[in-house]
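Now for the letters of each chain:
Number of protein chains: 4
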Amino acid sequence: MNTIGNILRLTTFGESHGACIGAVLDGYPAGIEIDMDFVQAEVDRRRAAHNPFSTPRDEDDRVELLSGMFEGKSTGAPLAFIVRNNDTHPQDYEGLKDMFRPGHADYTYQEKYGIRDYRGGGRASARETVVRVAAGAFAKLVLCQHGIEIKASIEDEERLNFRMEQAWYEGDTCGGVISCIIKGCPAGLGEPLYGKLHAALGAAMLSINAVKGFEYGEGFAAATMSGSQHNAARQGGILGGISNGEDINFRVAFKPIPTLGKDVEGRHDVCAVPRAVPIVEAMAALVVLDYLLLKR
Amino acid sequence: MNTIGNILRLTTFGESHGACIGAVLDGYPAGIEIDMDFVQAEVDRRRAAHNPFSTPRDEDDRVELLSGMFEGKSTGAPLAFIVRNNDTHPQDYEGLKDMFRPGHADYTYQEKYGIRDYRGGGRASARETVVRVAAGAFAKLVLCQHGIEIKASIEDEERLNFRMEQAWYEGDTCGGVISCIIKGCPAGLGEPLYGKLHAALGAAMLSINAVKGFEYGEGFAAATMSGSQHNAARQGGILGGISNGEDINFRVAFKPIPTLGKDVEGRHDVCAVPRAVPIVEAMAALVVLDYLLLKR
Amino acid sequence: MNTIGNILRLTTFGESHGACIGAVLDGYPAGIEIDMDFVQAEVDRRRAAHNPFSTPRDEDDRVELLSGMFEGKSTGAPLAFIVRNNDTHPQDYEGLKDMFRPGHADYTYQEKYGIRDYRGGGRASARETVVRVAAGAFAKLVLCQHGIEIKASIEDEERLNFRMEQAWYEGDTCGGVISCIIKGCPAGLGEPLYGKLHAALGAAMLSINAVKGFEYGEGFAAATMSGSQHNAARQGGILGGISNGEDINFRVAFKPIPTLGKDVEGRHDVCAVPRAVPIVEAMAALVVLDYLLLKR
Amino acid sequence: MNTIGNILRLTTFGESHGACIGAVLDGYPAGIEIDMDFVQAEVDRRRAAHNPFSTPRDEDDRVELLSGMFEGKSTGAPLAFIVRNNDTHPQDYEGLKDMFRPGHADYTYQEKYGIRDYRGGGRASARETVVRVAAGAFAKLVLCQHGIEIKASIEDEERLNFRMEQAWYEGDTCGGVISCIIKGCPAGLGEPLYGKLHAALGAAMLSINAVKGFEYGEGFAAATMSGSQHNAARQGGILGGISNGEDINFRVAFKPIPTLGKDVEGRHDVCAVPRAVPIVEAMAALVVLDYLLLKR
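If you read the protein sequences in the order shown, they are chains A, B, C and D.
The opening position of the first sequence corresponds to residue 1359 in this note's numbering, with each subsequent residue numbered one higher.
The opening position of the second sequence corresponds to residue 1359 in this note's numbering, with each subsequent residue numbered one higher.
The opening position of the third sequence corresponds to residue 1359 in this note's numbering, with each subsequent residue numbered one higher.
The opening position of the fourth sequence corresponds to residue 1359 in this note's numbering, with each subsequent residue numbered one higher.
Hints in this document: simulated from the structure, not taken from any laboratory.
For clarity, every value in this text was computed on a predicted model and none was experimentally measured.
There's no promise every hint is true.
Each pair may be met inside one copy or between any two copies, as identical chains are not told apart.
In silico DSS-like links for lysine-lysine, alpha-carbon gap of 27 Å or less [said to hold, decoys possible]:
id, residue 1, residue 2
1, LYS1620, LYS1541
2, LYS1455, LYS1509
3, LYS1431, LYS1455
4, LYS1620, LYS1509
5, LYS1653, LYS1455
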């Protein structure tokens, strides 16, 4: 199940230390001008989101479009694209061969498949998200034509910076929350009963590595409110699973990275949250465009 | 999109004030002894979950199985079943014809379809959950053969009772949180990358009326932890989207019912949470059995 | 897999000698006036198609609509409907309990499921087609608004009548061919590459009991033609899997009924072809409407 | 809809004159030894199938595996692979820019998408089948472990050779029939009612360019038989949509290539049938493995 979406379907492939990470985006509308500079810029946002407290892969993450475009426009055929892995040091991961890292998917993949590409997490690595961001950028090219804008941001960013600095000195890691707002979404997106718009958004967010929670509108806080309080609060832009034309807002919780600096040698991050911002936007863009196409 | 699931697919139909609520459960394994008393008992749990501060529909909610069973056992053919609506008072809802109740799906359904069965919420009514509970009961019949047990409960139940009593006197309503634990789930359930077990659980929970949030393991609390803290905490039984054999736990947030007693005449509830307990269990059971069948 | 379709999804349930045959039609457009007389008339066509050389079930096959309609119009919610089985004589089939009828699905169902509803073929019975015809009638209500007309007919009908008469006297059975033409289908229906319109039509026809072959345009005859001959012949209204606006024509081959009159007591037919005419139309109508909705 | 399959899902991408043709094969079992020499050999069969009466593309069609393999074995992650297009002469097709070739998908693609990659048929080109053959080869690696063998062949091959020779001299083209036999298929593959094994095989065959008909068992000939004749004939290995353990046989009709030698300059073929043989096998292999995985 490396595919997500109904009308617009993203299928991804590739491992952290294989030849490349890639994706096929099927169902993309025809006649859209493909601004590859924008797509590359979005992917660069993910890279640049690295913070001083991390040792990023030394790669330029260049998106190569393999199909689906003709004379600068989409043709309705699948968009396929890859990002090559250049900076792979498989030998760094030789030690992981016989080890299941706690908090990682090592054990569960081994249990499920009886075999495992242990180099840098293999298929389970967050590196896969590079093509999610590219796919989301293609989706945004359509959404902006409909006046739909998606903006994610780190919640309480200053405090997270402080926590990251602290974690860095302690050889530790930290988690955080990303909130997202969707503006300009028309009323009527969403499918009753098992294709509710917020259920699709939730599933997309929960498909991102390290995500432990999703809420929209007042979320968990709604559970503590009275009806009269909640009726006066923000509903999150979705009622009965269908957008009502107001801004849609949701929040996503990320756990801390399980591999701690004090425990390992080599490449590792202090916090996944900064670079997850464009990933959250990308997944939201894919869901909204999918539902827009479903509605037409 | 009135269907949920991959191998085990539940499709539901029916409106609050139509002839019946019904469902088709396709992909159900053959050769399972169908204990209709158990199925009925589960549906009765949903009814009985009504609290003193509510005015329930006066219906017996009897499950009629229409297909898929032969000589007491499932045949592999679809299980279809209905629960008739007897206690419908469409005239009570005549006033809703030209009114969009705030916090309800009235406006969004009208916007999406250009037409709306306004009687008691029509298709968007929580009454649809009666067949979810029945479907979940069929799923449990299989799960218990595999030693898998699903148990949901109201979080901080005493306090919720107090809040409900208070809301009742004030003509108000209240929300709450249900937590759920899945015991005995084997390692290896879940599909990378877009079919993660917790993403499927999340989408299923977010398909329940009034749900505003979902989290598993430490959930949103994980976002405030350091890696060393979180590594020592509960992971929620799922890593990389695949079960690891430990107990799976998750939490679901319900908003308060938007229709307040002080504002309306006739049938209404103070809190949806008590009767949502068997619904949460049912949806979890359907997801777990689906993934068990997917894994085989 | 008791479901067919992409946007318009038909799910059927029920056994030949169970309580009823039923179906859920999801994705049906909202706001369509539901002419139940027309739906019933289509189902009656299937019944009436019985020929003098058969002993039909003595049932009125009345369609009961359970959901999805409000004040005479479709609401966008699933249409669920059942046709009750009244004329069941399970005792007639007691003898089949330990017998696998040649040419029937008895053995394969037993092999697949380890259990089998042997009464009248159970789920594999052609009786299931009664709800296909009803579903197709609902689809036709939409198609006729778009000026699309579907007309199936027995090929070489006079000769088939003669063959049926002969078979009747010999206690034998016979097969036949149904051809179908779709008029008024707009250009642009069909999805490359694995959702070609003729592939969907073919799969739908091959899902009908007793069908052994499907061809469109010149079909198998095209294989014997030269390019210059074929270019001048009918293309079948589909190129590259997409309709070109011309009439679409296809043919469906039915095998003879395997149970011969000379071998059995009780209810049996000489030929499935006459009553398959509305079934072919119904399945074609479902496919065309599905692709029309997919295209919008 | 560039995807086919349920558990095993093939998604293809790429255009005739783009950078490459590629595919993602998801759901492929883990732990299979990937014999790339065999995969390449299958792809070479397709190339070699060119007959003396054609002017093939001068390409080596080398399959590059991008993902899903680790230490020579499949990991359960998607297999992605590409075949580069080297011998593209886009200028040869400049003349097609404003022309709809009869019998081709030019007009329908333009109608559907409002834009069209006219170079060599773009996405609609038969060149896409190169990755189908590679995907089928991966499937065969699993099937042979289960003792399942798939063998397609040109029907009446000598006569087709004569027809091709004649067509060549006349600047014409010709069609033909491919028959296929599946040996060693276990009983129980196939899903009632809309996932019948022969319906899936039919849909897969009808997804191949130029195919106009599909039949299994006695096919269209069955329509002219009496029941007593047909009961004694071959059933095609499938009853009620489910394999019965006997050999499965089916036939596929190909129309003549619409572009005639006498009408055009440059690269063109006399007959698509010879190179379609491995394509038919590949599509059958994908369907059978999909259903084998569905059955487990």
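Verification of the supplied hints:
1. LYS1620 x LYS1541: neither (42 Å within a copy, 34 Å between copies)
2. LYS1455 x LYS1509: neither (40 Å within a copy, 37 Å between copies)
3. LYS1431 x LYS1455: Between copies only: 16 Å across chains, 45 Å inside a chain, cut-off 27 Å.
4. LYS1620 x LYS1509: neither (34 Å within a copy, 39 Å between copies)
5. LYS1653 x LYS1455: between (48 Å within a copy, 25 Å between copies)
Checked against the numbered hints given earlier, this structure breaks hints 1, 2, 4; the rest are met.
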